[in-house]
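Visitor: Under the working numbering, think of the first position of the sequence shown as -11, with each following residue one higher.
Hints should not be assumed to be uniformly reliable.
Below are the EDC-like pairs computed for lysine to aspartate or glutamate, each with C-alpha atoms no more than 16 Å apart in a straight line [as the list claims (entries may be wrong)]:
#: 1; residue 1: Lys(-4); residue 2: Asp100
#: 2; residue 1: Lys97; residue 2: Glu17
#: 3; residue 1: Lys97; residue 2: Asp40
#: 4; residue 1: Lys(-4); residue 2: Glu29
Note that these hints are calculated values from the structure, not bench results.
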Amino acid sequence: MSAKTITKSSISASAAADVVRAAEAKAAEIGVPMVIAVVDESGVLKAFSRMDGAALLSVDIAQDKAYTAVSFGISTDGWFDFIKNDPPLLHGIIKTPRLIVFGGGYPLKVGDAVIGGVGVSGGHYEQDMVVAQAGLAALG
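Generate coordinates for the entire structure from the input sequences, incorporating the hints supplied.
Guide: In structure tokens, the structure reads:
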């Protein structure tokens, strides 16, 4: 007989805030105002920051990067690697709402458990990746 419930691990509010603070510090260090979003294991926004001067469009993109990362437990740049050589998937899946296939979103993990996701937007996606990775490092 199968279980009627499952137990999932989720990022705490405190840990989500730590991720945002670490990402903000890196963004300030590189001189690019960013939007940083942290979602829980279900893709629901848990912590958020729009740094002074960060682009308005980056608000949705950062949240969608975090959502994409937690959805399958792979980074947003990993999505591109996954689909780039598969034309039907490449041309079909990119129409999926909230799916982002360029860098700046990462799953947040403790061991093998995905507990949330972080998404960063505001610079070139390579800058977004550096800032998001600084946030990841805050989890230890």
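Visitor: Give a verdict on every hint.
Guide: Right, here's what the structure says about each hint:
{"no.": "1", "hint": "Lys(-4) with Asp100", "verdict": "holds, 12 Å"}
{"no.": "2", "hint": "Lys97 with Glu17", "verdict": "violated, 25 Å"}
{"no.": "3", "hint": "Lys97 with Asp40", "verdict": "violated, 29 Å"}
{"no.": "4", "hint": "Lys(-4) with Glu29", "verdict": "holds, 8 Å"}
Comparing the model with each numbered hint stated earlier shows that hints 2, 3 do not hold.
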